[in-house]
Amino acid sequence: MELKGKKVLVTGADGFIGSHLVEALIEEGARVTAFVFYNSFNSWGWLDTFPADTLSKINVFQGDIRDLNCLREVVKDVDSIFHLAALIAIPYSYIAPESYIDTNIKGTLNILQAAKDFSVERVFITSTSEVYGTAKYVPIDELHPFQGQSPYSASKIGADRIAESFYRSYNLPVTIVRPFNTYGPRQSARAVIPAIISQLLSGKTEIKLGNLTPTRDFNYVKDTVNGFIEIAKSDRTIGEEINIATGVETCIGDIFEEIRLQINKEAKVINDDIRIRPEKSEVDRLLGSNKKIMELTNWKPEYSLKDGLKETIVWLRDNLERYKTDIYNV
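For the sequence shown, the UniProt record's numbering assigns the number 1 to the initial residue and increments by one for each residue that follows.
Don't take every hint at face value.
[Said to hold, decoys possible] Taking lysine-lysine pairs in the DSBU-like style, the calculated list, with each CA pair at most 30 Å apart, reads: (1) 106 with 6; (2) 204 with 233; (3) 208 with 300; (4) 208 with 6.
[Said to hold, decoys possible] Just the calculated beta-carbon pair ranges, DEER-fashion: (5) 250 with 118: 25 to 33 Å; (6) 29 with 302: 16 to 24 Å; (7) 327 with 121: 38 to 46 Å; (8) 294 with 41: 36 to 44 Å; (9) 39 with 137: 42 to 50 Å; (10) 102 with 42: 19 to 27 Å; (11) 261 with 300: 45 to 53 Å; (12) 272 with 2: 27 to 35 Å.
Quick caveat, the hints were computed from the structure, so don't treat them as lab data. Everything numeric in this text was worked out from a predicted model, so none of it was measured. All C-beta atoms, glycine included, are put in the ideal place defined by N, C-alpha and C.
Using the sequences provided together with the hints, build the complete structure.
Structural data, given as structure tokens:
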């Protein structure tokens with residue numbers, strides 16, 4: 001699919017990955033409508049930090065993906081949809097699982113229904129590597145079994161399967177895009193990398209963390225967004241679910257060591273029980289296969305972990321006032 005000139009809707013455009021995707025789509029020449037969560041403060045999330053000349057190229061629509069009528073209003077005029085809006089914090093899903101069902105499953109159903117009703121050309125549903133749970137084998141390819149190890153992951157499994165059903169039942173041109181752990185500028189401190197960096201940059205020398213042994217496949221956000229773009233450009237990706245992964249496995253303890261070396265070599269870890277998942281819910285190992293995305297598209301990862309962390313640290317140093325480093329961000 002040629003993106004230049006296309007009318008593209010991005011849900012969750014006010015968030016971490018969504019805001020980066022909006023920027024990338026504008027660079028591709030797409031006509032972007034940014035769907036942001038309605039609030040009485042008229043906040044557009046990270047879009048509020050964009051320069052005026054970039055904002056002038058974006059049509060901002062405030063709404064709620066849980067409301068089908070709201071979505072029908074914005075979907076009727078678009079060619080393609082990148083659906084990123086979701087509740088993503090795993091700890092909060094233990095507290096409020098019903099809200100994850102409403103937002104992640106019902107919200108995705110609403111997107112699919114509106115896309116079907118208005119014959120949208122392409123629909124990209126954002127999944128997560130958490131749907132796989134702890135790896136049964138590595139690297140994890142798209143045929144790996146699904147395991148609902150948290151209410152969050154279960155809700156995303158449900159959303160993915162609803163998306164698959166619309167492709168199979170109605171021939172809706174759906175692609176399920178499944179990024180592994182993305183990090184970079186604008187990420188919430190609920191995630192481990194900005195949690196470490198923000199604590200260190202605030203001057204702390206005892207860094208509160210949870211379990212250090214789980215491994216993850218970390219994507220720098222620019223690589224993740226480029227994955228979305230390349231998947232969208234390829235018609236071979238219709239009806240597929242596709243990992244975006246580096247194929248490199250890193251444990252949380254090693255992530256801390258790399259960040260510590262870049263900021264403060266004297267820092268050490270303090271175990272914080274509140275940051276540890278329930279035993280059966282912890283995902284111990286994630287290492288993704290990128291064979292499929294590299295076969296179907298022109299994508300390949302461009303950032304090493306060291307370089308991605310370096311850019312993230314620079315950005316966080318300039319934006320540290322946005323982070324509450326004295327509290328645990330659920």
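- Range agreement (Cβ of residue 118 with Cβ of residue 250, hint 25 to 33 Å): violated, 42 Å
- Query: Has the given pair, residue 208 with residue 300, been kept, meaning a C-alpha gap of at most 30 Å?
  - Reply: Violated. Residue 208 to residue 300 sits at ~34 Å, over the 30 Å cutoff.
- Task: Return holds or violated for the Cβ distance of residue 29 and residue 302 against the range 16 to 24 Å.
- Result: For residue 29 and residue 302 the Cβ distance comes to about 21 Å; the hint holds.
- Does the hinted range 19 to 27 Å hold for residue 102 and residue 42 at CB? At roughly 24 Å between Cβ atoms, residue 42 and residue 102 fall inside 19 to 27 Å, so the hint holds.
- Message: Tell me if the beta carbons of residue 261 and residue 300 are separated by a distance inside 45 to 53 Å.
- Response: violated, 27 Å
- Query: Straight-line Cα separation of residue 106 and residue 6 no greater than 30 Å?
  - Reply: Given pair residue 106, residue 6 holds - Cα atoms ~27 Å apart, limit 30 Å.
- Message: Quick check on a hinted range of 42 to 50 Å for residue 39 and residue 137, using CB atoms only.
- Response: This hint holds: roughly 43 Å between Cβ atoms.
- Message: Just to be careful, I want the Cα atoms of residue 208 and residue 6 compared with a cutoff of 30 Å; is the pair within it?
- Response: It is violated: about 45 Å lies between the C-alpha atoms, which goes past 30 Å.
- Message: Hint check: residue 204 vs residue 233, CA-CA at most 30 Å. Holds or violated?
- Response: Violated: residue 204 and residue 233 sit about 45 Å apart, past 30 Å.
- Query: That 36 to 44 Å hint for residue 294 and residue 41 (C-beta), does it hold up?
  - Reply: holds, 42 Å
- Determine whether the Cβ-Cβ distance between residue 272 and residue 2 falls within the hinted range of 27 to 35 Å. violated, 49 Å
- Outcome for the supplied range 38 to 46 Å, where the beta carbon pair is residue 327 and residue 121: holds, 44 Å
Checked against the numbered hints listed earlier, the structure breaks hints 2, 3, 4, 5, 11, 12; every other hint is satisfied.
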